[in-house]
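Enquirer: What follows is each chain in one-letter form.
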Amino acid sequence: MSIKYSEDHEWVESKGDDLVVIGITDFAQEQLGDLVYVELPEVGDECVRGENISVIESVKAASDLIAPVSGSITEVNSRLEDEPEIVTEDSMGEGWFIKVKLSNPEELDDLMDEEAYNSFIED
Amino acid sequence: MSILGEIQTTPLHKMHVDSGAKMVPFAGYEMPVSYPLGIKKEHSHTRQSAGLFDVSHMGQIKLSGEESMRALESIVPVDIIDLPLMRTRYALFTNENGGVMDDLMVTNLGDNSLFLVVNAACKDADFQHLKNHLGSKCEVDLFEDLALLALQGPKASKVLSALAPSINEMTFMTAKRLVIGDIDCFITRSGYTGEDGFEISLPSKDAQKLASLLLSSEDVEWVGLGARDSLRLEAGLSLYGHELDDDHSPVESSLNWALSKARRSGGEREGNYLGDNVVLSHLENGTEEKVFGLMPEGKMPVRDGAMIEDENGNQVGKVTSGGFGPTLNKPISIARLKTKYTKGESKLFALVREKRIAVEVVKLPFVKHNYYRG
Numbered sequence: 001m002s003i004k005y006s007e008d009h010e011w012v013e014s015k016g017d018d019l020v021v022i023g024i025t026d027f028a029q030e031q032l033g034d035l036v037y038v039e040l041p042e043v044g045d046e047c048v049r050g051e052n053i054s055v056i057e058s059v060k061a062a063s064d065l066i067a068p069v070s071g072s073i074t075e076v077n078s079r080l081e082d083e084p085e086i087v088t089e090d091s092m093g094e095g096w097f098i099k100v101k102l103s104n105p106e107e108l109d110d111l112m113d114e115e116a117y118n119s120f121i122e123d
Numbered sequence: 001m002s003i004l005g006e007i008q009t010t011p012l013h014k015m016h017v018d019s020g021a022k023m024v025p026f027a028g029y030e031m032p033v034s035y036p037l038g039i040k041k042e043h044s045h046t047r048q049s050a051g052l053f054d055v056s057h058m059g060q061i062k063l064s065g066e067e068s069m070r071a072l073e074s075i076v077p078v079d080i081i082d083l084p085l086m087r088t089r090y091a092l093f094t095n096e097n098g099g100v101m102d103d104l105m106v107t108n109l110g111d112n113s114l115f116l117v118v119n120a121a122c123k124d125a126d127f128q129h130l131k132n133h134l135g136s137k138c139e140v141d142l143f144e145d146l147a148l149l150a151l152q153g154p155k156a157s158k159v160l161s162a163l164a165p166s167i168n169e170m171t172f173m174t175a176k177r178l179v180i181g182d183i184d185c186f187i188t189r190s191g192y193t194g195e196d197g198f199e200i201s202l203p204s205k206d207a208q209k210l211a212s213l214l215l216s217s218e219d220v221e222w223v224g225l226g227a228r229d230s231l232r233l234e235a236g237l238s239l240y241g242h243e244l245d246d247d248h249s250p251v252e253s254s255l256n257w258a259l260s261k262a263r264r265s266g267g268e269r270e271g272n273y274l275g276d277n278v279v280l281s282h283l284e285n286g287t288e289e290k291v292f293g294l295m296p297e298g299k300m301p302v303r304d305g306a307m308i309e310d311e312n313g314n315q316v317g318k319v320t321s322g323g324f325g326p327t328l329n330k331p332i333s334i335a336r337l338k339t340k341y342t343k344g345e346s347k348l349f350a351l352v353r354e355k356r357i358a359v360e361v362v363k364l365p366f367v368k369h370n371y372y373r374g
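Protein chains in written order, with the working numbering: chain A, 1 to 123; chain B, 1 to 374.
A portion of the hints provided could be inaccurate.
Under 10 Å between C-beta atoms, here's a sample of chain A residues computed to sit facing chain B [said to hold, decoys possible]: (1) Lys15; (2) Gln31; (3) Val36; (4) Tyr37; (5) Glu39; (6) Ser58; (7) Met92.
Quick caveat, the hints were computed from the structure, so don't treat them as lab data. A virtual CB, placed ideally from N, CA and C, is assigned to each residue, including glycine.
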């Protein structure tokens, strides 16, 4: 199992066969505060690294979820539509957002490992 | 006066940081947006128990001198001369065009003195405005050494009366001076949440002591600016820069209730304030736009700036404030809309990220006010 992290505070877990699960980090979840709504993309949508794929609404504001990798979306966590608080409770597990089939697996190399991410958020 | 670019802190800053608050810049101050409890729980705690807010960033101003009441009437469309002793009234500073420069609370302290509380973001401009228009008629003093705490919620009176039993004699929008422990407090029974509650003005040096006393009650939790905004939104209370601005009259912001009879056409002291011709004509003839509540369908919040249109794509208005109402567990918004579309005959939609969200026009407030009127 390997989890990598983006500068936009997403985690990307490789599941083999160029399939990844994407969610937001605990740090991001804490920064956002209480979530009230998550707008998810649709299965089959293409995502392009650096572009918006989802919108996360907290009590305070709307924030974009930026695709950390490119590919096509194979599954979305539709539980989040009714229970966005799952993200707050378990951002690294049950609170995942989408699963993506990578179109360019080398993009994973540009992401940070846990140690690098931890020092990134300390700055 | 704030020094440009220098971030200020309130006398309670250290307490917020020590409580684990998330601090953000707001109106030139570093302020707590939320505490570890989180906005939603801080919000419901205020609705069910009592929330403590540090609002020391707001402007506290005193007007004094024989002409002070008459002078203030020249810049607000509100009856000040007949404001009874130790009573508080909501007022607005209008500009030459009848637009709103800020809203404020005015209390008659007696001895020809008035106590004003104005918005943090406007306080320097308001102070200048008062100096310019009233400076030759009365004394205008901006207090630099006062803090302001708000204790809000159904248990606020129980908590405060344990420290100061005489607050039980107060009703909504009245004021009292009293001593808590050895702290000189000036208290009004008012607030910005729709709940019963108090605003307590006191010397900065005593702020931490009083905050600690209040927090020692198990009914009281710190509440930050995040929940302050969702509470006032549910209560349908206007915010300068959103429902109120320099380009819209109080009538266009649905604040007719705040325009005193004595200052309206045919009243004892009709007009004679900045922008009176516009405001009086808006009262007389009505306006094309007013402020309404909106309930969006579904769960997506419709926020400030979202455009409202009808099913044919006609522009109907714009959302002035919007977000999530934790009490209703639904998104809620306030919008300025063309009144001809608000009669229930037109289906209305908000545009959010190129999506059309159906919205229903509703009466404000979203959550019933719970003021103590005796």
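Enquirer: Each hint should be assessed against the structure and marked as holding or not.
Expert: Right, here's what the structure says about each hint:
1. Lys15: Status violated, d = 30 Å.
2. Gln31: Gln31(A) check passes; min Cβ-Cβ to chain B is 8 Å, inside 10 Å.
3. Val36: 4 Å, holds
4. Tyr37: This interface hint holds because 5 Å falls under the 10 Å limit.
5. Glu39: 7 Å, holds
6. Ser58: 8 Å, holds
7. Met92: Because about 19 Å separates Met92(A) from the closest Cβ in chain B, which is outside the 10 Å limit, the hint is violated.
When each numbered hint is compared with the structure, violations occur for hints 1 and 7.
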